[in-house]
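K.L.:
Keeping their order, the protein sequence lines are chains A and B.
Residue numbers for the first sequence follow this note's numbering, beginning at 1 and rising by one.
Residue numbers for the second sequence follow this note's numbering, beginning at 1 and rising by one.
Read the hints as simulated data drawn from the structure, not as lab findings.
It is possible that part of the hints are untrue.
[To be verified] Under 10 Å between C-beta atoms, here's a sample of chain A residues computed to sit facing chain B: (1) P60; (2) I64; (3) L138; (4) V266.
Note that this is a predicted model, so its numbers are computed, not measured.
Every residue, glycine too, gets a C-beta built ideally from N, C-alpha and C.
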Amino acid sequence: MVALTTASWQLQRSKRRLRRIANRVAFGFAVFVIVSPAILVFLWMLSLSFKPEIENIAYPPIFIPEHPTLANFARVFEASPFGRYLVNSLIVTGSATLLAIAVGVPAGYGIAKAKAYRLAVLVLIARITPNLSYLIPLFIVFQMLGLTGTLWPMVITHLVITVPIVVWVMIGFFETLHPDLEEAALIDGATLWQAFRYIALPLSRPGVVVAAILAFIFSWNNFIFGVVLAGRETRTLPVAVYNVLTFEQISWGPLAAAALLVTLPVLILTVVIQREIVGGLAAGGVKGG
Amino acid sequence: MATWATLPGSKAGAHGFGSFWLRLARLVGPGQRRPYVLFVLPALAIIAAVIIFPWFFTLFMSVHDWKITQSRSFVGLDNYAQLFGDERFQWALLRTLYYTLLAVLAPLILGTLAALVFHRKFPLRGFLRGVFILPMMATPVAVALVWTMMFHPQLGVLNYLLSLVGIPPQLWVFDPGTVIPSLVLVETWQWTPLVMLIVLGGLAALPTEPYEAAQLDGASAWQTFWRITFPMVLPFLMVAAIIRTIDAVKAFDIIFVISQGGPGTASETLNIFLYLQAFAFYNIGYASAVVVVFFALIIALSLALLYVRQRSKWSP
Numbered sequence: 001m002v003a004l005t006t007a008s009w010q011l012q013r014s015k016r017r018l019r020r021i022a023n024r025v026a027f028g029f030a031v032f033v034i035v036s037p038a039i040l041v042f043l044w045m046l047s048l049s050f051k052p053e054i055e056n057i058a059y060p061p062i063f064i065p066e067h068p069t070l071a072n073f074a075r076v077f078e079a080s081p082f083g084r085y086l087v088n089s090l091i092v093t094g095s096a097t098l099l100a101i102a103v104g105v106p107a108g109y110g111i112a113k114a115k116a117y118r119l120a121v122l123v124l125i126a127r128i129t130p131n132l133s134y135l136i137p138l139f140i141v142f143q144m145l146g147l148t149g150t151l152w153p154m155v156i157t158h159l160v161i162t163v164p165i166v167v168w169v170m171i172g173f174f175e176t177l178h179p180d181l182e183e184a185a186l187i188d189g190a191t192l193w194q195a196f197r198y199i200a201l202p203l204s205r206p207g208v209v210v211a212a213i214l215a216f217i218f219s220w221n222n223f224i225f226g227v228v229l230a231g232r233e234t235r236t237l238p239v240a241v242y243n244v245l246t247f248e249q250i251s252w253g254p255l256a257a258a259a260l261l262v263t264l265p266v267l268i269l270t271v272v273i274q275r276e277i278v279g280g281l282a283a284g285g286v287k288g289g
Numbered sequence: 001m002a003t004w005a006t007l008p009g010s011k012a013g014a015h016g017f018g019s020f021w022l023r024l025a026r027l028v029g030p031g032q033r034r035p036y037v038l039f040v041l042p043a044l045a046i047i048a049a050v051i052i053f054p055w056f057f058t059l060f061m062s063v064h065d066w067k068i069t070q071s072r073s074f075v076g077l078d079n080y081a082q083l084f085g086d087e088r089f090q091w092a093l094l095r096t097l098y099y100t101l102l103a104v105l106a107p108l109i110l111g112t113l114a115a116l117v118f119h120r121k122f123p124l125r126g127f128l129r130g131v132f133i134l135p136m137m138a139t140p141v142a143v144a145l146v147w148t149m150m151f152h153p154q155l156g157v158l159n160y161l162l163s164l165v166g167i168p169p170q171l172w173v174f175d176p177g178t179v180i181p182s183l184v185l186v187e188t189w190q191w192t193p194l195v196m197l198i199v200l201g202g203l204a205a206l207p208t209e210p211y212e213a214a215q216l217d218g219a220s221a222w223q224t225f226w227r228i229t230f231p232m233v234l235p236f237l238m239v240a241a242i243i244r245t246i247d248a249v250k251a252f253d254i255i256f257v258i259s260q261g262g263p264g265t266a267s268e269t270l271n272i273f274l275y276l277q278a279f280a281f282y283n284i285g286y287a288s289a290v291v292v293v294f295f296a297l298i299i300a301l302s303l304a305l306l307y308v309r310q311r312s313k314w315s316p
C-alpha cells in the first residue's frame with residue numbers, strides 16, 4: 001500500500017518533470033521562430049555583400065560565403081560618389097537633429113510646465129499627416145526662393161521629422177521630472193531660464209540623448225523628401241542607394257553592400273538604446289513617419 | 001513617460017484645458033508669472049513654417065488649377081469633383097484600404113504572440129528583444145532592396161525556402177494578384193516589433209490578482225488568456241491598431257522601392273498615386289486635393305478606432 005503510493009508519486013513527479021522539459025523546448029522553439037525572421041534578413045544582406053557575384057546568383061542559394069570578398073564595397077565607392085552622399089547625409093541629419101534639440105528641448109519643457117497640451121496635440125497631428133503633404137507646398141516655396149540644388153531644402157524638410165520627435169519625447173521626460181529643485185531655485189530668485197538651464201537641463205540629459213538618437217535615426221532613414229528634393233549632388237544615402245545603384249544595372253553584391261553601409265549606423269544605435277526604446281518611449285509609437 | 005498615443009486623451013481628461021488660444025494667450029499674456037512662451041516660441045516658429053503653413057497652402061492650392069512652371073487659375077472645387085470621378089483614384093483608394101486591412105491585422109496578431117513570448121523571463125531576453133526590434137529601426141530603403149532580391153522569382157531565396165517544404169515557386173511582387181500581400185509581408189516583418197512593444201508595455205502593467213484567482217479556480221492557460229489577459233490588454237491593442245492604421249495608410253518607401261506601384265497599377269496606393277500626380281505629372285492643384293482627401297481619410301480612420309477604443313476600455 002505504502003509502496004504503491006510512493007511508486008505512483010514518483011511516476012507523477014517524473015511525468016511533471018518531463019512536461020516541464022517539453023514546455024521549455026516548445027518555448028525555446030517559439031522564441032526561435034519569432035526572432036529568426038528579424039535576424040535572417042540582415043544576415044542575408046550581410047551574406048550578399050561579402051560574396052562574389054557568381055555565388056550571389058547561384059541556385060540553390062549559397063548562405064555562407066565560400067570566397068568572402070570586399071570587392072562589393074570597393075565597387076560601391078567606384079560606381080558612385082558614395083563619400084559625397086555620406087557627407088550629405090551627415091550634414092542634413094546632423095543639422096536637423098541639432099536644430100531640433102536646440103528648439104525642441106526648451107519647447108518640451110515649456111509645454112510640460114505650462115501644461116499646454118493643445119500644443120502637444122498639434123505635434124501629434126503633425127505626426128499623423130503624410131510626409132508627401134508637406135512636400136508639395138514646400139517644394140513650391142523652395143523653387144520660388146531658388147533654393148533647389150542646395151542642401152537647405154533637405155535640412156528644412158527634415159525638421160518636419162526631427163522637431164516633433166524631440167518635442168514629444170521631452171514633454172514626456174520633463175513631466176516625470178520632480179519639480180522640487182526648480183521651485184526651490186525659483187524661490188531663491190533664479191529666473192525661469194536659469195532654473196531650466198542649470199537644474200532641469202542637466203537632469204534631463206538621458207532624455208535628450210534618447211530624443212537625439214531617435215530623431216537622428218528617423219531623419220537618417222528618410223527617403224521620401226530626398227527623392228523629390230535632392231539633385232545629383234545633394235542626394236542623401238537612402239536616395240543614392242535607390243537611384244544610383246538600382247538604375248545603373250548594378251549587380252546584387254554591391255547593392256547589398258551599399259544597403260548594409262546605409263543601415264549599419266542605425267542598427268548599431270538601435271542596439272545601444274534598445275533598453276530605452278523598450279522601456280516605454282516607443283510604447284506609444286514614437287516614429288518619424 | 002508620456003507617449004504619442006496616451007497623452008492627448010488621458011491628460012486632457014485629467015487636467016482639463018480651455019481653448020488653444022486661451023492657453024496660448026495665457027502663455028503670452030503680460031500679467032502671468034511664468035512666461036513659458038519664450039521656451040516654446042522658437043519651436044512654434046519652426047512648426048508654423050514647415051508644418052502649419054504647408055497645411056493651409058495645400059488647401060489654397062487644392063482649389064486652383066496649378067501646374068508647375070505654368071500659370072494658375074482659381075477653379076473652386078473642380079479638383080475635388082474630378083477626383084471623385086477619377087477611376088484611377090477610386091482604385092487607389094480601394095487598394096489602400098485592402099493594404100491597410102492586411103497590414104494592420106497581420107502585425108497585430110503576430111505582435112501579440114511575440115509580446116506573450118517576450119513577457120516571460122528567459123536567458124538572453126534583452127538581447128533577443130533588441131534583435132527583434134531591428135526591422136522597425138532599419139533604413140526602409142535598404143531592407144526593401146534586400147527584400148526585392150529575396151522576391152526574385154528565379155534566384156530569390158524565398159522561392160528556395162518554399163521549395164524546401166514542397167510549395168511551388170511564386171511570382172510575389174511580379175504578379176498583380178500577389179503583389180499587395182507580398183508587400184504586406186515586408187510591412188509586417190518591419191512593424192510587428194512596434195505592436196510587440198506596445199502590447200508588452202500593456203502586459204507589464206497588468207495586475208497579478210486575477211491570475212492568482214484564476215489559478216486557484218483551476219483555469220486552463222487558454223481560458224486565462226481569453227478571459228483575463230486579452231480583455232485587459234485590449235486597450236493597448238487598440239492603440240497599436242490606431243498607430244498601425246495611420247502608418248499603413250501612409251506606407252510609401254517599401255512600395256515605391258519594391259514595386260513602384262506596379263505591375264501596371266496593381267500596387268498603386270493613395271500615397272503612390274499622390275506622388276505620381278505631384279512629381280511625375282506635376283498636377284500640383286489636383287495633387288493637393290488628393291492630400292486633403294487623404295488627410296480626411298486618415299483622421300476619419302483614427303477617430304473611428306479611437307471611438308472603438310473608448311468603448312472597449314477595460315475598467316476595474
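K.L.:
Does the interface hint hold: is A/I64 within less than 10 Å of chain B, judged Cβ to Cβ?
P.N.:
13 Å, violated
K.L.:
Return the status of the interface hint for A/L138: holds when the least beta-carbon distance to chain B is below 10 Å, violated otherwise.
P.N.:
Where the cut-off is 10 Å and the nearest Cβ of chain B is about 6 Å from A/L138, the hint holds.
K.L.:
At a threshold of 10 Å, is the proposed contact between A/V266 and chain B supported by beta-carbon distances?
P.N.:
6 Å, holds
K.L.:
Do the numbers back the hint for A/P60, that is, is its least Cβ distance to chain B under 10 Å?
P.N.:
5 Å, holds
Of the hints listed earlier, the one the structure fails to meet is number 2.
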